[in-house]
Every structure is written in C-alpha cells, then in structure tokens.
Amino acid sequence: MQMTTAKTPSTALRLFGLRRDKRVRQKKDWKAALWALLFLGPNLVLFLIFTAWPVVYGLYLSFFKYNVLTPAKYVGLKNYRDFFDNPTTPVIIKNTLYYAAGAVIPSMVLPLLIAVLLNNAGRPTTTRFWRAIYFLPLVTSGVAAAAVWKWLYAKDFGLINSFIRQLGFQPVDWLFSLDWAMPAVIIMTIWLLMPFNIILYTAGLQEIPRDYYEAAQLDGASTWNQFRNITVPLITPTTFFVGLNTMLGVLFGGFDTINVMTQGGPLNATNILIYDIYQNAFQYFKMGYASAQAYILFVFVFCFTILNWVLQRKWVHYA
Amino acid sequence: MPSAPRMVDADAGETEPLERPKTKEGGLLGRLGMKGLILAALLVGAAINLVPFLWMLSTSLKDNTQAFAYPPTWIPDPILWHNYVDAFNRVNGRVFFNTAFFAVSIVFLQGLFATMGGFAFARINFPYRNVIFLIYLGTMMIPPQVTLIPTYIVVVKLGWVNTYQGMILPIVAQGAFGTFLFRQFFMRLPEEMFEAARLDGANYWRQFWNFTLPLSRPVLVAYSIITFLTAWKMYLWPLIVVRSQEMKVVPIAIAELSGNASQDRGITMAAVALSILPILILYLAAQRWFVEGIAMSGQKG
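Chains as they are written, first to last, in the working numbering: chain A, 1 to 319; chain B, 320 to 620.
Keep in mind that the hints were calculated from the coordinates and are not lab data. Hints should not be assumed to be uniformly reliable.
To be verified - Which residues of chain A face chain B? A few of them, derived with a C-beta cut under 8 Å, are:
no. : residue
1   : Y134
2   : W151
3   : I277
4   : F282
Said to hold, decoys possible - Covered by chain B, according to a simulated footprint, are these stretches of chain A (three or more residues, beta-carbon under 8 Å):
no. : region
5   : 56-62
6   : 196-209
What the hints assert, rightly or not - Below, a list of computed lysine-lysine pairs in the DSSO-like style, where the Cα atoms sit at most 27 Å apart:
no. : chain 1 : residue 1 : chain 2 : residue 2
7   : A       : K78       : B       : K354
8   : A       : K286      : A       : K78
9   : A       : K286      : B       : K354
Think of the CB as a built atom: it goes at the ideal place given N, C-alpha and C, for glycine as much as any other residue.
Go ahead and model the full structure; you've got the sequences and the hints to work with.
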C-alpha cells in the first residue's frame with residue numbers, strides 16, 4: 001500500500017514532471033483534488049449527513065431530555081447518572097456479557113473444527129456437497145431463523161422438547177424460563193453465524209502451507225498432533241478475526257433474534273444493552289437517555305477492541 | 320481420541336524404521352476409522368443444520384390441528400399447499416416488492432458510490448489522500464447503535480419517515496467497507512494500463528468507467544451478492560423508519576406473523592419459507608460467489 005502510493009507521483013513526475021515547474025504541478029494537484037471531489041462527492045455528502053453529524057449530535061443529545069415531539073431540555077450528566085443508578089443496569093450488563101461470551105467462544109471453536117472436517121471430507125465433489133448443507137443458514141435472515149427456532153423451542157409442541165422427552169428427560173419451557181431463555185437465544189445465534197465463520201476459517205486454512213503437513217506426516221505425526229501443533233497456532237489470525245467479528249455481530253445484530261424470540265423477557269432475562277437502547281429510544285422515546293447508553297456502549301466496545309489488539313500479541317501468530 | 324493408536328504407531332515408526340510396513344497398516348486402519356468418525360461428525364452437524372429447514376417445510380404444509388399435535392409428526396396429512404397462497408396474501412405482494420426495491424437500490428447506489436470512492440483513493444493522487452482515507456476507514460469502528468438515534472432524528476427532520484429514501488439512503492451511507500474493498504482491488508490493477516490511458520488523454524471518469532469497472536467484475540459480483548443478502552435480511556432500520564402497512568419489508572411482516580399468537584403456525588412457516596426462497600435460488604445459482612464474498616470480508620482484519 002505504501003509503495004504503490006509512493007509510486008504514483010514519481011511515475012507522474014517521470015512522465016510529465018521533468019520539464020514542468022512547481023507552479024504547473026500545483027495546478028495539477030488542484031485539478032486532481034477537483035476530480036477526487038467529484039468521485040468522493042456522493043460518499044462525502046452521505047457521510048456528513050448520516051455519520052459525522054449523527055456522531056456529534058448523539059453525544060450532544062446524551063446531555064438532554066428529548067422525546068422528539070417537545071423541545072430538548074438540558075439535563076447535564078443526569079442521563080449517565082440515571083444509567084448507573086438504575087437497578088436493572090447490572091442485570092442488563094450481566095446479560096450482555098453472558099450473551100457475548102456465550103456466543104463468541106463456541107463460535108471461535110466449533111466452526112474451526114467443522115472447517116477442518118469439511119477439508120478432510122474426501123473428494124472435492126463430496127466436500128462441495130457437505131459445504132452446500134453447512135452453508136445453508138446463510139439464506140435465512142435473523143428474523144426468519146428466529147421465527148423457526150421459536151417454533152422449535154415451543155414447550156408442548158416444539159420439536160426440541162419432543163426429542164428431549166424421547167431421551168427420557170424433563171422438557172424445558174425454553175423461551176419462558178429464566179434460566180434457559182438466554183442459552184436458547186445463544187444456541188440459535190451460534191447456528192445462524194456458523195456458515196460465516198466456517199467460510200472465514202476455510203479461507204484461513206488455505207493460507208497454511210501444505211508442506212508443513214507433509215513434513216509432519218513424514219515425521220509420523222498423528223492427525224490430532226498435526227491439528228494441535230500446526231493448524232491451531234497458524235490459524236490464530238483468523239481465530240482473532242472471527243472472535244472480534246462475532247462479538248461485534250452479536251452485540252449489534254442481536255436485536256433481530258431477541259425482538260422476535262423473547263422481546264428481552266422473561267423478566268429481562270434476555271434484555272441486552274442494545275435491546276434496551278432500542279426500547280428506550282423507540283418505544284419510550286427517551287432519546288437522551290438512550291443516546292447516553294449508546295455512548296457508554298461505544299466506550300465499552302472501544303476499550304474492549306483496544307484490549308483485544310493488545311492481547312493478541314500474546315496468542316496470535318503472524319507468519 | 321481416535322488418533323491415540325496412530326500416535327503409538329507413529330512413535331514406533333520413528334524409532335524402528337524397519338517396522339514401516341506394519342506402521343502403514345496401522346495407519347490405514349486408523350485412517351479408515353478416522354474416515355468413519357469424520358463422516359459421523361459431519362452427519363450430526365448436517366442434521367443440526369437441516370432440521371430447522373425441514374421442520375419449517377413440514378409445518379408450512381400443516382393446518383393448526385396437525386401443527387399442535389402430540390407427538391409431532393414429520394409428514395403432513397393432508398398436505399395443505401394452500402398455506403402458501405394464504406401466506407403470500409397475508410405478507411402482501413407489495414411487501415415483497417418493497418424488499419426487492421430496497422435491496423436492489425442499496426446494491427446499486429452503495430456499489431456505485433463505493434467504486435467511485437475506491438477509485439479516488441486508489442488512482443487519483445490528491446492532497447491529504449491517505450489521511451482522509453484513514454479517517455473514513457476509522458468510521459467503520461463506530462457502533463451502529465451510536466448513530467442509530469441521531470440518524471433517525473435527521474430522517475425525521477428531513478421529513479423522510481415512512482419513505483423509500485429514508486429507508487435506503489442512511490444504509491447507502493454505510494459504504495466505508497465497500498470503498499476499502501474496491502480501493503484494495505483497484506490498487507492491484509497494472510499501472511501501465513492507466514499510464515497508457517492518460518497518454519491517450521482519457522480523463523479519470525473514462526479510466527474508471529471504460530476499463531476499471533469492467534476489469535473488476537469478480538469483486539463487483541461478490542460485493543453485490545453480499546450487499547443484496549444483507550439488505551434483504553435487514554430488520555432494525557426499516558422497522559424504525561416504516562410507519563404504514565404499504566412500506567413494510569419482509570422481515571417486519573415475518574416478525575409480526577411470528578409474534579401473533581393467534582396466527583396459524585402453518586401459514587407463518589409458509590411465509591418464512593417464501594421469504595427465504597429468493598435467496599435460496601440465488602444461493603443455489605451462485606454459491607461460489609456467496610463464499611467468495613464472505614471470505615473477502617475477512618480481508619479487513
């Protein structure tokens with residue numbers, strides 16, 4: 001990237017530059033800037049209206065009481081104080097962490113195992129057949145998948161409980177149980193995100209040089225040993241990306257699943273921060289309070305991302 | 320677990336090279352066992368992947384008495400094809416049109432702006448290019464929840480609530496990743512081509528339109544498919560902007576059907592199946608591009 005950037009002006013110089021004085025070149029810069037403005041114009045306008053301004057305006061709103069209909073009223077830090085004083089806040093934070101960890105950790109492990117299995121499934125046609133099945137959840141939206149899983153989780157007529165009964169266990173009222181609602185949402189989320197993560201891992205596996213495995217096979221290393229000592233360490237850049245991506249995916253995308261399956265219930269058992277922000281903003285019209293919550297989430301995610309980048313030095317191997 | 324015996328064999332092979340044939344036999348047996356195990360694991364996983372779809376299809380052809388039968392049955396009897404007609408009428412053809420229009424507009428506009436932006440960052444040498452690019456890229460780090468509320472207020476102030484532009488343009492604005500992707504691709508195109516074009520007097524627009532875009536077909540296809548997929552599934556933003564029945568998109572209609580307890584299960588599942596159908600066709604026709612598009616998104620890491 002750096003090299004190419006440096007190359008362009010020198011090439012331009014070589015082609016036209018020798019005979020031109022500085023004034024002409026500045027005129028050329030000015031012309032290039034105009035062209036760039038033309039090409040970047042649509043992006044720039046949309047960026048200013050729908051990203052730059054909202055980021056500033058959101059922070060401003062978090063110091064106000066605002067319900068869209070009546071004029072905003074300045075309340076200082078009250079929204080932030082209210083958030084930390086609110087008795088449901090610890091519950092929501094606990095749920096958010098539970099949901100994130102519960103979905104992210106299996107999403108870093110299971111898809112890797114499946115990607116390796118798919119790679120070793122046999123002839124390319126066989127692999128293609130299995131992949132078609134494993135990637136199928138790609139076609140469903142979060143809403144469609146949640147609608148089907150809600151029906152799978154149903155207490156009396158759901159397929160999952162019927163299976164559990166056949167195994168001789170007590171059925172569970174999944175989505176209406178304080179203990180089981182969150183695991184139910186998490187299992188469905190892992191299922192939904194599986195194809196994306198398998199694809200990312202499959203792409204990552206292709207980056208590992210074949211000769212490493214061949215050398216290990218010549219030394220008589222078992223399949224398990226090859227997996228542990230070659231695949232696992234060399235795939236860590238992908239593992240890191242999958243983890244980060246899944247975390248952002250569930251933290252910001254969990255809304256669809258939760259709104260269809262549980263609406264944050266029962267008794268806030270699946271109420272996570274993004275869902276609470278949505279409810280406060282668009283059902284109770286507490287725009288200022290919800291903006292403060294969104295900024296707290298922003299800070300939290302920012303710190304978490306930085307922490308991750310720091311920690312990755314300890315376990316991610318770059319070739 | 321299954322590799323334990325092979326490990327022993329391997330050790331033996333290492334210390335006593337003469338025992339090789341024996342080791343190989345053990346390896347073969349181990350490999351056969353391994354094959355069976357891989358197959359078993361793949362079958363279980365495949366079942367977990369397929370059961371929700373099969374159960375959806377099965378229920379979609381049942382009436383309520385069959386859906387709420389105990390124990391549950393897989394094969395509907397009688398088969399109610401009419402559920403699909405009812406589902407289509409209940410979701411409403413207009414809703415399918417809205418979703419298609421929403422998704423296609425986003426693919427087209429975001430694709431055009433992202434390729435233009437990518438071209439500027441890759442091929443036009445303007446002052447402060449890299450600084451501007453990094454700032455633009457940095458905005459990808461901002462959680463959508465932060466901009467959600469103020470963006471909604473902007474849309475209210477513009478009078479765009481319950482309009483197509485209100486649904487579409489804020490999503491088109493989230494083009495930073497596409498811009499990044501196309502920039503990376505355009506930078507790898509051969510410099511000589513652009514030099515030749517410049518010598519022929521082709522301006523930037525003609526360089527962009529005449530050969531940069533045609534040469535980028537694979538990236539364009541993968542990008543379009545992934546963007547279409549994302550837009551077709553989008554729920555939260557349309558839910559916030561849409562007020563009337565006529566402006567709804569498919570995920571909103573599905574969520575409403577699913578939330579309505581009095582609704583027939585069969586018809587709800589038929590509606591879900593209908594909502595999946597266009598993507599399923601696209602998936603079967605272009606599976607390779609789905610995979611490529613998603614693998615491409617891994618590049619940002």
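Please check whether the region 56-62 of chain A has three or more residues whose CB lies within less than 8 Å of a CB on chain B. Held - the region 56-62 of chain A has 3 residues with a Cβ nearer than 8 Å to chain B, which meets the minimum of three.
Once the shortest beta carbon distance from F282 (chain A) to chain B is found, is it less than 8 Å? holds (6 Å)
Just to be careful, I want the Cα atoms of K78 (chain A) and K354 (chain B) compared with a cutoff of 27 Å; is the pair within it? Given that 27 Å is the threshold and the Cα spacing comes to 63 Å, the pair is violated.
Quickly compare the C-alpha distance for K286 (chain A) and K354 (chain B) to 27 Å and report which way the hint goes. With Cα atoms ~58 Å apart, K286 (chain A) and K354 (chain B) exceed 27 Å; violated.
Given hint Y134 (chain A) near chain B, where the shortest CB pair must fall under 8 Å: Hint holds; Y134 (chain A) Cβ to chain B Cβ min 6 Å, cut 8 Å.
Holds or violated: K286 (chain A) to K78 (chain A), with C-alpha atoms at most 27 Å apart: Given pair K286 (chain A), K78 (chain A) holds - Cα atoms ~13 Å apart, limit 27 Å.
Can I277 (chain A) be said to touch chain B, with a Cβ gap under 8 Å? holds (6 Å)
Given hint W151 (chain A) near chain B, where the shortest CB pair must fall under 8 Å: OK, holds: W151 (chain A) within 8 Å of chain B, min 7 Å.
Check whether three or more residues of the region 196-209 of chain A sit with their beta carbon closer than 8 Å to a beta carbon of chain B. holds (count 6)
Hints 7, 9 from the earlier list are contradicted by this structure; the remaining hints agree with it.
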